[in-house]
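2 protein chains.
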Amino acid sequence: MPAIQSREIRLKSRPEGTPAAENFELASAESPSPGPGMVQVQNLWMSVDPYMRGRMYDRPSYVPPFQLGEALQGHAIGKVIESGDPDFQPGDIVSHMLGWREYVTGPKALFTKIDAAGIPLQAFLGVMGMPGMTAYCGFLEIGAPKPGETVFVSGAAGAVGSLVCQIAKIKGCKVVASCGSDEKAARLKSVGVDHVVNYKTAPDLLAAVRAAAPQGIDIYFDNVGGEHLEVALELARPGGRFAECGMISQYNATEPTPGPRNLVYIVGKSLKVQGFIVSNYASMQGQFLSEMGGWIKAGKIRWEETVMEGIAKAPEAFIGLFSGANAGKMLVKLA
Amino acid sequence: MPAIQSREIRLKSRPEGTPAAENFELASAESPSPGPGMVQVQNLWMSVDPYMRGRMYDRPSYVPPFQLGEALQGHAIGKVIESGDPDFQPGDIVSHMLGWREYVTGPKALFTKIDAAGIPLQAFLGVMGMPGMTAYCGFLEIGAPKPGETVFVSGAAGAVGSLVCQIAKIKGCKVVASCGSDEKAARLKSVGVDHVVNYKTAPDLLAAVRAAAPQGIDIYFDNVGGEHLEVALELARPGGRFAECGMISQYNATEPTPGPRNLVYIVGKSLKVQGFIVSNYASMQGQFLSEMGGWIKAGKIRWEETVMEGIAKAPEAFIGLFSGANAGKMLVKLA
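Chains as they are written, first to last, in full-length UniProt numbering: chain X, 1 to 335; chain A, 1 to 335.
Be aware that one or more of the hints could be misleading.
Just so you have them, the derived chain X footprint on chain A, three or more residues with Cβ under 8 Å [said to hold, decoys possible]:
| # | segment |
| --- | --- |
| 1 | 242-251 |
| 2 | 255-261 |
| 3 | 271-279 |
Hints listed in this document are in silico derivations from the structure and should not be mistaken for laboratory results. Every residue gets a Cβ at the ideal spot worked out from N, C-alpha and C, and that includes glycine.
Start from the sequences and build out the full structure, keeping to the hints where you can.
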């Protein structure tokens with residue numbers, strides 16, 4: 001078969017502050033016919049996630065930085081269209097890390113076959129994928145929730161946060177959540193969250209969270225950092241656990257931003273503030289897929305998606321993460 | 001027997017910022033002859049410790065605030081002079097929490113007999129007491145050191161820090177320490193610390209610690225907070241553990257001080273930042289006394305004391321903690 005022309009999104013320049021359209025460019029590249037041991041995949045869905053912002057800085061991190069002039073990378077779900085290896089057949093559905101492009105040809109080790117079993121494919125980029133596993137492992141392993149405890153979740157309307165809220169309810173906790181619009185707040189209430197604070201309209205975030213959790217909080221699941229973290233430190237009960245999943249309020253800072261003024265509570269209240277990335281918990285993947293799949297089938301977990309269509313929309317989808325344009329998982333549908 | 005006049009130090013006013021002599025007053029009270037179930041003790045040694053600063057604020061904490069006009073409290077070692085209970089005999093040596101006074105009469109439950117077994121009595125306020133157990137439990141339980149790892153200890157010349165350095169060496173770690181004078185630095189080198197940074201004279205603390213630990217740090221034992229914590233976050237290796245024992249740089253702040261500007265590393269490097277107080281590890285006391293006692297007898301642990309004489313000197317001893325007037329454990333000898 002001839003090579004296929006594949007459109008892709010490249011990093012044109014490193015963002016200063018909040019990413020903008022000019023930092024990205026749409027280009028075309030060849031996806032060659034697969035040789036022996038290779039697979040050619042048409043991407044159906046791709047994911048944009050806040051952590052990708054970190055890879056746009058040219059600095060050492062837990063994942064290497066994106067290179068200028070090259071296609072970005074990220075989770076995607078695709079369909080095998082041609083295979084040079086007997087382990088893959090045309091039509092197989094695969095999960096992989098080479099999103100931000102329409103077609104990809106690569107060695108078979110890069111692709112993992114998935115059995116969707118009635119679950120929509122794009123859920124494997126969300127509730128059954130990396131965000132789901134991030135919520136599940138971070139909350140259960142670091143939070144170690146006990147029934148009756150109070151959990152505070154920031155960025156609660158996002159792909160990870162909304163799942164943390166629901167897992168916390170399944171575990172018998174009281175859940176206080178923050179989000180950035182009344183519409184998101186209403187959705188969080190509809191999935192069982194006890195109290196929701198709109199941080200954009202609350203005149204005093206600390207007072208609002210304190211009113212919702214007058215006895216204090218036992219677990220803080222942090223997606224936001226900054227003022228939210230300061231509020232959580234103030235309201236934490238002794239022995240509190242902080243699952244530090246993200247600090248999106250800091251990702252676009254052009255100058256170093258001072259941290260909370262009350263870190264000394266970490267000592268006095270014996271707090272555990274534990275950062276994590278999902279790959280720390282790779283060994284839990286089987287348990288996660290099994291338990292989350294069960295909750296989904298039992299109707300205990302609901303999720304939302306914000307979908308943009310076509311590879312050209314991927315930068316807009318990504319940039320939208322930082323203004324809260326998404327409810328739940330932000331996705332780009334490619335085919 | 002008649003009551004004994006006992007001099008004591010009372011909290012006269014709550015310090016604003018760094019404590020000053022005017023915040024304390026020397027007064028006299030009666031230590032009554034003990035009734036049934038009571039014991040009367042002459043204090044021989046009392047301890048002053050940085051954590052006491054927190055109890056001088058009128059705010060909720062893990063220990064209740066000191067009351068104005070009343071004698072302060074803290075660890076002390078004393079000798080029973082009269083007993084109303086058969087479990088205690090005159091001459092028994094006891095440990096208790098009613099320091100800052102020359103004599104004390106109280107119910108027997110407040111006093112714990114100690115068997116010094118050849119160890120100087122005042123060591124039970126230091127290496128064999130609360131500071132020793134703080135170093136031992138915090139470093140081993142939170143730090144979980146492995147041979148060959150690099151440990152950074154701030155406030156390393158203090159009662160806790162100097163023991164953490166030596167325990168880390170016993171465990172086969174490389175130790176980088178910070179302290180506030182060249183004399184203290186020389187002493188730390190003499191007990192085996194690999195690299196010592198004088199934070200008061202180093203033109204760039206980050207550069208100095210980085211030069212001493214070019215591969216980064218695996219464990220940070222924090223007594224200081226503030227800039228030291230920011231440096232540790234910058235140099236931490238992925239999976240690093242921070243034992244948050246104290247933040248003495250923050251204790252006298254009259255206005256909230258912003259925290260480190262690089263807390264986002266907690267997420268990206270999967271750091272565990274765990275605050276603690278020694279009472280969390282009460283169940284480890286037997287293990288601590290046994291292992292630390294063994295190290296002392298084997299000559300593996302050395303310690304220093306800074307001793308002031310007489311109850312009237314207690315405020316000066318306490319205030320001196322915040323200017324680094326102590327090398328090792330700061331003590332007041334009362335008799």
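Are at least 3 residues of the segment 271-279 of chain A within less than 8 Å of chain X when you compare beta carbons? holds (count 7)
Three or more residues of the segment 255-261 of chain A near chain X by CB distance under 8 Å? With 6 residues closer than 8 Å to chain X, the segment 255-261 of chain A meets the three-residue bar; holds.
Establish whether the coverage given for the segment 242-251 of chain A by chain X is satisfied; the threshold is a Cβ-Cβ distance below 8 Å, and no fewer than three residues must meet it. This one holds; 6 residues, not fewer than the three required, reach chain X with a Cβ under 8 Å.
Of the numbered hints given earlier, the model fails none.
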